Amino acid sequence: MLRLEGVSAAYGRIQALRGVSLEVPAGSIVALLGANGAGKTTTLRVISGLLRPTGGAVYFEGRRIDRLPAEAIVRLGVSHVPEGRQVFAELTVGENLILGAYARRDRQKIPADLDRVFGLFPVLRERRKQPAGTLSGGEQQMLAIGRALMARPRLLLLDEPSLGLAPMVVREIFRTIRRINSEGTTVLLVEQDANLALQVARFAYVLQTGQVVLSGPAAELRQNEAVRRSYLGY
Amino acid sequence: MTEGQLLSLAQQVVSGLSAGSIYALLALALVLIYQSTDVVNFAQGELAMFTTFIAFTLLTWYGVPFVPAVALTLVFAFVLGYLIERIVIRPVEDAPVLSVVIVTLGLYSIFNSVAGWVWGYVPKGFPSPISGGTIRFAGLTVGLLDLWILGCALVIMVLLHLFLHRTTLGIAMRATAHNRTAARLVGIPVGRMLSLGWGLSAVLGAIAGMLAAPKIFLEPNMMAAVLLYAFAGAVLGGLTSPFGAIAGGLMVGVVENLLGALVATELKAGLAFFMILAVLVVRPQGLFGTAYRRKV
Ligand SMILES: Nc1ncnc2c1ncn2[C@@H]1O[C@H](COP(=O)(O)OP(=O)(O)OP(=O)(O)O)[C@@H](O)[C@H]1O
Ligand SMILES: [Mg+2]
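Residue numbers (this note's numbering), protein chains in the order written: chain D, 1 to 234; chain P, 235 to 530.
None of these hints come from the bench; they were simulated from the model.
Misleading hints may appear alongside valid ones.
As the list claims (entries may be wrong) - Computed list of chain D residues with no C-beta within reach of chain P, every gap over 10 Å:
| id | residue |
| --- | --- |
| 1 | 25 |
| 2 | 75 |
| 3 | 103 |
What the hints assert, rightly or not - DEER-style ranges, computed between Cβ atoms:
| id | chain 1 | residue 1 | chain 2 | residue 2 | range |
| --- | --- | --- | --- | --- | --- |
| 4 | D | 130 | P | 393 | 54 to 64 Å |
| 5 | P | 396 | D | 106 | 21 to 31 Å |
| 6 | P | 518 | D | 134 | 17 to 27 Å |
All figures in this text were calculated on a predicted structure; none of them were measured in a lab.
Quick reminder that beta carbons are idealized off the backbone N, C-alpha and C, glycines included.
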């Protein structure tokens, strides 16, 4: 469904990705692991069109997308839940969700999708009229995911959904991610918490200073000596 | 204080509100642009003047009836504002603040001199559906023109509010002003929203200019003082809050008029600004603003 071929990217003169190749099959959850500054966020930014790669190619459902503007990529069915949530803090929860559907043409289906999001995250329904900035961290993460779902993505890019959240909230969010996936949305999950990621993902890639240094089925990586030492902590 | 003096004060408040509503419209235009692009548009007043001259030309040179002339002018203003953002502002968006200031000052000077060249510097009357005349209301004699200006400005503010809060496009414009990265991620074409914002601001300016012109006469420098008061209103209100811009603009108008009547006409501008400085010393973010935050 998604394929990166030798993707390089840079911020000015800082080279952040050096020839990253990876693949996300339709229907799966794939994890992207790596230490701080490895290039995980940069990879997602390239896929969603926030950053133009300096080399390589990105294909989504067979179509090359690395030259498209971000709004065109959303319209194709790729939604990015960014690092740090990036909800529209001054806007209400309802307005945030409505904007999630901005790129869609089938406006009459929006109420049904709102109901679906409220079904996944009931707390958002209660907070509908509240400015998003007043939500707790966990609720903001739910809103960021809900907003992305409003675009009806076929591929969901999640950047560290567990960051800074209490374990109970993290469990709830990961349960929901599994459910979203089982309802048909493919997921590319970036996580620092490799334990967590390898539990939900079927396949994983490990990035290090902008390169894929390791990849394999999640079960295999859990047994891998180097992964255990560097990322799992046992 | 005698009853007569009280009444005259009340009258000053009403004409202050009328002047203030024009400051408020222009302050709103400034805030809309500042919020979304961090640009302080010094050309806002000249754009208003220039578009008012367009209306004047349609009305008196080509004999277009009032309502279509106003409508055409608003369309012209929108396109002008839209194109200015797209062609002149976008390329300097990431330039140092001072470069952007120079660009908007350059626009100021261009519109001012072109207007002088085309229409000359002799002040011209501008027609208004409501002109002279007064009504008496609760013992007050109120100018109909003042009421008309205030009423139109309030209607425009309500319409703007509804647009920004009840339409998807308006909500998307607010979202873009607050968080561009997130706006791009949900598929909002950010560039187009910024152009739209400038177009909308130019429309607000055109309305302010056309409302003010019957009162202060049409000439290339008519908006200089108005812009200064609008800035004062916007800053007083906090630069980041549309509501603050309206409240600030109205307050500046009222204070300016009251001080003119109570103290000395010569001092009213100075005193009004003294008051604004005093507010800013106590509350640097303005009365309704939030503390400054940088956009990503
Ligand atoms: N806006 C930027 N400007 C310059 N360099 C950047 C920028 N964003 C990231 N980098 C650099 O690019 C490299 C990759 O960063 P990236 O954010 O992709 O890492 P990450 O794997 O997401 O890390 P983290 O786990 O901390 O989120 C790092 O060396 C980082 O310093
Ligand atoms: Mg990151």
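Hint check results:
Against chain P, the non-interface label of residue 25 of chain D holds: every CB pair exceeds 10 Å, the least being about 24 Å. Not every CB of chain P is more than 10 Å from the CB of residue 75 of chain D (nearest about 6 Å), against its label as outside the interface. Listed as outside the interface, residue 103 of chain D is inconsistent with that label: its C-beta sits roughly 3 Å from the nearest C-beta of chain P, within the 10 Å cut-off. In this structure the supplied range 54 to 64 Å is violated for residue 130 of chain D paired with residue 393 of chain P, their Cβ-Cβ distance being about 26 Å.
Under the hint 21 to 31 Å, the C-beta atoms of residue 396 of chain P and residue 106 of chain D, about 25 Å apart, fit the expected range. Taken as a hint, the range 17 to 27 Å holds for the pair residue 518 of chain P and residue 134 of chain D, whose Cβ atoms sit roughly 24 Å apart.
Violation of the numbered hints given earlier is confined to hints 2, 3, 4; the remaining hints are satisfied by the structure.
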